[in-house]
Structures are given as structure tokens and as C-alpha cells.
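Residue numbers (this note's numbering), protein chains in the order written: chain A, 39 to 329; chain B, 210 to 516.
Hints were generated in silico from the structure; no laboratory data involved. For glycine and all other residues, C-beta sits at the position ideal for the given N, C-alpha and C. Treat each hint with caution, since some may be false.
Unchecked claim - Looking from chain A toward chain B, a few residues come up when the C-beta cut is under 10 Å (computed): (1) Arg58; (2) Ser183; (3) Leu296.
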Amino acid sequence: MMQRLIRGMQRALGLHHPGRNLEVWPDDVFILSFPKSGNTWTRFLIANLVYPETPVDFSNINRLTPDPEALSKREMARMPRPRIIKSHQYFDPRYKRVIYVVRDPRDVALSQFHFHRKRGLIEDGYPPEKFVARFVAGETSPYGSWGENVASWLATRENRTGFLLLRYEDMLEDAAREIKKVASFLEIPADAERIANAVRRSSADEMRTLEKSQAHLWSSTKSTRRDVPFVRSAQAGGWKTGLPEGAVAQLESAWGHLMTHLGYELLSPARTTIKNFDSGFAETMLNGPSR
Amino acid sequence: MIYGIRRILKYALGRDIAGRTLAVRPDDTFIVSYPRSGNTWTRFLVANLLRPQEAATFANIERLVPDAEAQSSRYMRGISSPRTIKSHSYFDPRYPRVIYIVRDPRDVALSYYDFSRKYRHIEDSYPLERYIGDFVTGRLISAGWGTWGENVASWVFARGARPGFLLLRYEDMKARPEQELKRVAEFMGIDASPELLKTTLDRSSADSMREMEKTQAKDWVSTKDKRADIPFIRTASAGAWRSKLRPESVAEIESAWGNVMAQLGYELVTRTVARNAERKVESAETQSAATAVVGESRGEQRGEPRG
Chain A
39 MMQRLIRGMQ
49 RALGLHHPGR
59 NLEVWPDDVF
69 ILSFPKSGNT
79 WTRFLIANLV
89 YPETPVDFSN
99 INRLTPDPEA
109 LSKREMARMP
119 RPRIIKSHQY
129 FDPRYKRVIY
139 VVRDPRDVAL
149 SQFHFHRKRG
159 LIEDGYPPEK
169 FVARFVAGET
179 SPYGSWGENV
189 ASWLATRENR
199 TGFLLLRYED
209 MLEDAAREIK
219 KVASFLEIPA
229 DAERIANAVR
239 RSSADEMRTL
249 EKSQAHLWSS
259 TKSTRRDVPF
269 VRSAQAGGWK
279 TGLPEGAVAQ
289 LESAWGHLMT
299 HLGYELLSPA
309 RTTIKNFDSG
319 FAETMLNGPS
329 R
Chain B
210 MIYGIRRILK
220 YALGRDIAGR
230 TLAVRPDDTF
240 IVSYPRSGNT
250 WTRFLVANLL
260 RPQEAATFAN
270 IERLVPDAEA
280 QSSRYMRGIS
290 SPRTIKSHSY
300 FDPRYPRVIY
310 IVRDPRDVAL
320 SYYDFSRKYR
330 HIEDSYPLER
340 YIGDFVTGRL
350 ISAGWGTWGE
360 NVASWVFARG
370 ARPGFLLLRY
380 EDMKARPEQE
390 LKRVAEFMGI
400 DASPELLKTT
410 LDRSSADSMR
420 EMEKTQAKDW
430 VSTKDKRADI
440 PFIRTASAGA
450 WRSKLRPESV
460 AEIESAWGNV
470 MAQLGYELVT
480 RTVARNAERK
490 VESAETQSAA
500 TAVVGESRGE
510 QRGEPRG
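Let's have the full structure, built from the sequences with the hints guiding it.
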């Protein structure tokens with residue numbers, strides 16, 4: 039009761055993190071992704087693109103692309119509009135303009151494994167298979183499982199206006215090409231120089247250098263281990279050497295169909311059991327035995 | 210300021226509406242659907258299955274299968290586990306077990322129109338065609354549930370085919386109630402005898418619910434203070450859109466959600482949309498070129514609404 043009274047006061051004063059209960063405005067743009075899918079890189083790219091006069095770093099990124107999990111309700115409400123908001127939320131119908139970044143879940147799992155070490159949530163010797171089992175069950179983050187998060191957005195918004203899908207791997211291949219899509223999505227005039235600057239200022243090397251001097255300033259790295267970096271390999275395919283085969287099998291068996299839909303090649307296609315993007319999928323569910 | 214203090218107190222006392230801030234328990238089961246899709250019928254069915262000693266009524270349904278979006282946090286805390294909870298929410302990963310009911314959006318739209326008049330959200334003179342436009346674009350007053358397509362697709366594709374998810378079609382429930390009720394019983398872990406199934410169906414029939422509505426509407430949170438001349442329990446049938454909706458309205462709905470409708474076995478009557486949906490579904494089917502029975506062909510097979 040006392041605790042609820044204190045929380046109630048915080049709420050009334052707008053001092054709590056709004057998170058999912060964020061008040062949404064029609065002109066809000068969202069940079070969304072499951073955690074560890076290149077969201078921070080995308081924030082840097084977009085912030086550098088939209089605000090070329092302000093070099094983006096870890097001390098101003100929360101102001102340029104506000105995060106409703108890190109800022110208070112009051113701060114969120116005072117942000118200049120249109121806001122470009124960063125979030126990891128699963129489907130929310132109120133978000134009308136969405137840039138969704140997706141990444142191979144095998145790399146996402148590996149990255150989150152290291153991020154949880156960084157945050158001290160797991161020990162260094164924690165078995166990756168065990169982590170991946172929890173990852174598949176959606177127990178390693180409050181935003182649903184990877185598959186739930188991705189499918190909830192794709193199934194409702196893919197190929198509709200107001201939704202731009204970016205693949206992390208495509209961004210690695212040609213960041214300028216992908217950021218041009220963002221520019222036209224945001225209706226920002228973008229000449230080659232502006233794009234090149236945004237890409238250069240947001241490079242992995244640049245971000246690594248910034249992290250070294252600013253990790254203590256940023257909400258996501260503030261009280262975490264310094265010996266494990268936030269900006270990690272910034273590569274695709276690390277799972278091939280970084281994840282044991284059993285862990286890869288778990289991921290492909292849970293989401294193989296969704297992965298194929300997104301163009302991620304499977305090690306063992308036959309393992310895929312849930313074909314939720316298959317034409318016969320709904321029919322199977324309607325007739326299938328209850329579980 | 211006064212408003213602020215009232216809010217603080219409401220929250221501290223747990224008088225705030227639970228809704229999406231509901232504290233979910235690991236053994237909760239949710240009955241979820243877009244509004245006007247047979248949720249209340251399913252609530253009655255489940256309540257009558259779970260507690261045959263106490264027939265479900267509009268006076269006790271909020272105790273048997275409470276509505277998370279109408280009851281307070283405190284009320285929801287007071288319900289003993291395992292709870293069965295009614296919701297219209299779009300995908301929420303915290304819901305551990307979900308019975309999801311889907312209904313032909315062309316019938317949902319018609320039913321919603323009457324419901325909106327009952328709730329005085331629109332006047333009787335509000336044109337149906339205009340309402341269908343609002344329905345498709347999500348401009349309804351009660352728009353907190355996403356559009357029909359968003360609500361359905363977010364659940365079916367994010368959670369479908371996982372353990373703990375049961376998908377029901379309203380039209381199947383009308384066509385073969387015993388069979389579908391058995392699936393519900395199995396899902397709830399109830400070993401239902403043929404007598405229990407029969408009693409449950411009788412007690413939850415449209416006629417029986419209509420009788421109860423007449424005397425109990427004033428006692429139920431969802432009908433109290435609403436227009437009494439428009440019933441909450443409406444036709445309880447499938448396929449009325451065929452005679453009641455204009456072709457343009459049907460086309461509007463189908464062009465917005467044709468793909469999802471086809472996947473769920475609802476026959477599309479707008480030709481071009483049907484062909485597009487078929488193509489879309491095929492392209493989504495990336496791996497096995499197996500059964501491409503979609504769109505119109507599947508409609509003929511089993512998607513025809515039966516009334």
C-alpha cells in the first residue's frame with residue numbers, strides 16, 4: 039500500500055519511466071527492434087542523418103532519439119516534435135510510423151548472451167545452450183521472445199504504409215544504401231555527402247571510441263562491466279563460431295520459418311517445426327489438437 | 210491537481226482499471242478476441258464448464274471469468290488462482306495461456322455497428338458505409354484494441370502454433386459446437402462428460418443468454434447504462450454481411466485484410482483482392498511448395514460461414 043502510494047505520487051508527477059505506457063503522438067517516429075539487433079547503431083545513423091549539425095555520441099543520444107525506458111514521462115513529454123523514439127516494444131497499434139530493424143536471431147542470441155554477462159545477469163561460464171533455451175522461451179527480455187516481437191510487427195504492418203523494415207545484415211553490407219531508405223521514409227532531403235557523414239560518424243570504430251570515454255554517461259552502460267564492451271563485433275555470422283550446434287538447432291527449430299521469410303539461411307531446414315508464415319498454418323491450428 | 214490526487218489515490222488503493230497493467234500470474238488463462246467476435250459466448254461456455262454447480266449469468270460472470278479491461282487492479286488481485294480472464298487486448302507476451310476466438314470481420318463490423326449505437330458512440334443515423342471505413346482504418350471510439358487485422362494477426366502469427374494457444378473460429382463454434390467445446394475442455398484440462406458438454410451448451414445458448422440479458426443487463430458492467438432497445442446478444446449467427454453489407458464495404462474490408470482472412474479460411478468475394486491474397490500467401494510460403502490451397506478454393510472447402 040505504501041509502495042503503491044509512492045509509485046502513485048511518482049506517476050502523478052511524471053517522474054516514472056513511461057515505457058509501454060508512453061503517451062504517443064501522431065507524428066512520432068519509432069526506431070524499433072528486438073534488443074541486440076543493431077538498434078543503437080540505427081539510432082546513431084538516423085540521429086546523425088537528421089541532425090547533421092550535432093555529432094551524435096552516448097551523452098546526447100537519449101535526447102536526440104529519446105528512450106521511454108530511460109527517460110521520465112515528463113522528459114518524454116517535453117521533447118521537441120516530431121520525436122524519433124527508440125524502443126524495443128512488441129506490437130503497439132498506436133505506433134503509426136515505424137522503422138523496424140531485424141537481425142539474424144542466432145547473432146542476436148549470441149550478442150544478448152554477452153550483454154547479459156556485461157550486465158552481470160549471468161556468469162562468464164554460463165552454458166550458451168541454457169541461455170538460448172531461455173532466449174527461445176522469451177525469458178531473457180521483457181519484450182516477448184525474438185519470434186514474438188518480430189512476428190507481431192511483421193504480421194500486422196509488413197508492406198503497409200508507415201512501416202520500414204531494415205535488416206541489420208543489409209546495413210552492414212551497405213549502410214549508405216539502407217540509410218537512404220530511411221531518409222525517403224522520413225522525407226528528409228539527403229545528398230550523398232550528408233549520408234556519407236552520417237555513416238562515417240556512426241561507424242563501429244567511431245562508436246567504440248565514444249564508448250571508451252562515455253560509457254559512464256549512458257543509461258544502458260552506466261553500471262555494467264567495463265571489460266565487456268557494449269559495441270561488440272558489429273558483424274554478421276558470429277554465431278557460426280560463437281554458438282554451439284545445439285543452441286543453433288534450438289533457434290532454427292523455433293523460428294526457422296520466420297527466419298527463412300526474412301532471408302536467413304538455415305543450417306538444417308528440416309528442423310523447422312513451426313511454419314507460422316506458411317499458407318496452411320492457420321488451417322493446421324484450426325483443425326489441430328489442442329495443446 | 211485534484212485530478213492528480215484522485216489518480217494517486219486510485220492507484221494506491223488499486224481502484225485503477227487493470228487493463229494492460231494487470232499483474233499476470235503464470236497459471237492465468239486468457240479468453241481473447243477482437244470485440245464482437247463471440248468472446249462473451251466463450252466466457253459463458255468456459256465458466257459453465259469450469260463450475261457446473263453454478264450456472265453462469267450476467268450477474269456472476271465478472272466473478273467467474275473477470276474482464277481485465279473493466280475491473281480494477283484490486284478486484285483482479287482478489288480473484289483466486291487459477292484465474293480465467295477475458296480480454297480484447299492485441300498481442301501481449303505476458304499472457305501464458307490463451308484461447309483466441311476469431312470471427313469473419315465482415316460480420317464483426319456489422320455487429321460492432323449495432324454495439325456502437327448501443328453504447329451511444331454513434332447516432333442511429335450514422336451511415337453504415339462510413340462506419341465500415343472507420344472500422345477498417347481504426348478510427349472507432351473504442352479503438353484501443355488495434356484494428357481487427359492487427360489484433361488477429363498479432364496473436365495468430367506471434368503466438369500461434371505454440372503450446373498454450375488455442376485458436377477458435379466463431380463460425381466453427383456455431384457449426385459444430387460440441388466438437389469445438391471439447392477442444393476448449395481439453396485445453397482447460399477438464400475431463401468433460403457428454404452430459405457436462407450438453408448442459409454447458411444449453412446454459413450458454415443464444416436463447417438462454419438473451420433471456421438472461423433481459424433481466425440482468427442492468428447488473429452487468431458491459432450493458433449497464435447502455436441503450437436497452439439494442440440487445441447485446443444480437444443475431445448470434447454467421448454470414449449476415451452477405452445481405453447487410455454493400456459490395457463497396459465488403460471490398461473495403463477485404464482489401465485491408467484479405468491476406469489474413471484467406472489464411473483463416475474466410476472466402477473472399479472481391480475477385481482482385483482474392484487473387485492478390487493468394488499471391489501474397491504463396492510468396493510467404495518460402496520453403497515447402499506443398500499445399501497452396503488458399504483464397505477462394507479454401508473458401509469453398511471449409512470457409513463458408515454456416516449460420
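For each hint, the structure was consulted:
1. Arg58: For arginine 58 of chain A, the interface hint holds, since the closest Cβ of chain B sits about 7 Å away, which is under 10 Å.
2. Ser183: Nearest chain B Cβ about 7 Å off; hint holds.
3. Leu296: Holds. Min distance 9 Å.
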